[in-house]
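K.L.:
Here are the chains, one letter per residue:
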Amino acid sequence: MAQTTGTHGEPDLRPAGLRGVAADFSSDQRAFKTASWGKAMMWIFLLSDTFVFGCFLIAYMTARMSTPVAWPNPSEVFALHIGGQDVPLILIAIMTFVLISSSGTMAMAVNFGYRRERHRTAMLMLLTALLGACFVGMQAFEWTKLITEGVRPWENPWGAAQFGSTFFMITGFHGTHVTIGVIFLLIVARKVWRGDFDEERRGFFTSRRGRYEAVEIMGLYWHFVDLVWVFIFAFFYLW
Amino acid sequence: MNETTAHAHIQAGQQLQTGQQHPIRLYLLVWGMLFVLSAFSYMVDYLGLQGYLRWTLILLFMMAKAGLIVAIFMHMAWERLALVYAILLPPLLVLVFVALMVSEADYTIFTRLTFFGTGP
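The listed protein sequences correspond, in order, to chains X and E. Every letter in the first sequence is one number past the one before it in the working numbering, and letter 145, counting from 1, is 145. With positions in the second sequence counted from 1, the corresponding number in the working numbering is that position plus 1000.
The following block holds chain E by itself, in its conformation from the complex:
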């Protein structure tokens, strides 16, 4: 448009070239935590935990790992909220789909057991 805008663009460019600077220590810490959390998830299977305890722990470690990767490794923690919401809120709709398919699967197994005995 004019000189001011052009100048602002150059500034934005320079800012991007040096953007997202965080101490190496933070990355190493998160890396270590991801290792520990993965080891915990594996231990859930290795120790043969069953039932609700198993499912709760699996989901807990999964969400912790996913959160660390998205927030720190993918720098979501330092982005503006507009981008965070635009990217992280839509996947929640998948949960609606999950609810629909749970009800559908319940109906399918009901019909299979009622009308076919044990089907495919």
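Extracted from the complex, chain X is given alone in its bound form:
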């Protein structure tokens, strides 16, 4: 019984550092003492998703390194004609700023959620969803532009044929994640607005009590989508 009391006691009493890692994993109970299973499971899902995107980016690297044909210059491919001159990569830069802003509003939503200001939380989540939808819209515009210019998964007018396949695969998969995130946001925002997490209303699927932690777990997914974009922006668009 002493063990049980120990693990459920004040977090401050637990050892820190490496000793803490060893103690948490060898405690014969849950290893993640301060994270609920919902949060731990979201993190583990995100870890698996990291490997998925890691594989895509590695496939892109392999294709780009192994072709003797010149790789199309993304700076020119993604330039937009604004005010009589080509601005390099401008659409991608705007998309980056939009996604970072949505991450900012999401972080604020989590914060106001724990302060139990449900209307403000829901509005910030809706704003996050709106920015996410903007991002997907701009991506649709970008795809349309490239497809009309003749980019296909098997060919393109500027160079190595693998450009098209990696582009559609990586940005398509990321865009799918953003779209799913927007839907996920709208569902959680509705629950927040209705006050599900204040009255601990049970979920329709899991039957577990509603908690504001759901907003934070939703936030983890959304920030991850932003995080993946940071890597795609660096490796696919800037490299």
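It is worth saying that the hints were derived from the structure and are not from the lab. This structure is a prediction, so every number in the text was calculated from the model and none was measured. Possibly wrong hints are sitting among the right ones.
To be verified - Here are a few chain E residues that sit away from chain X, every Cβ distance over 10 Å (derived from the structure):
{"no.": "1", "residue": "G1051"}
{"no.": "2", "residue": "Y1052"}
{"no.": "3", "residue": "L1053"}
{"no.": "4", "residue": "A1077"}
Claimed, not checked - Residues from chain X shown here face chain E by an in silico Cβ test under 7 Å; the list is partial:
{"no.": "5", "residue": "D24"}
{"no.": "6", "residue": "A31"}
{"no.": "7", "residue": "T96"}
We put the CB at the ideal spot given by N, CA and C, even for glycine.
Got chain X; can you put chain E on it based on the hints?
P.N.:
Just chain E now, with coordinates in the frame of chain X:
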């Protein structure tokens, strides 16, 4: 199990309901820094920097942005080390995969150039 455990569970629940409280200022600061870092990454392309300087700066700004998002926005800085290690160490194995594929890609381009001239 018994009353003590049940009580502890309720306490844990209440703790979670108020968990991860940080000042708004911190989030706004990180938000601002992410904007500035993104602007810097974009400037790397806009100014047309090339070669090792370009690649170093791209990786530097990328890691800074990723670190800020994971540490502050995703609250990793306040989690216990057991979770931090369980989540952040496995992705390092991707680097092993990268090394394998770099060697594989080098071999592929070698065979293409040697036996096919300029191939697909």
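K.L.:
Which of the listed hints are broken here?
P.N.:
When the structure is compared with the hints, none of them turns out to be violated.
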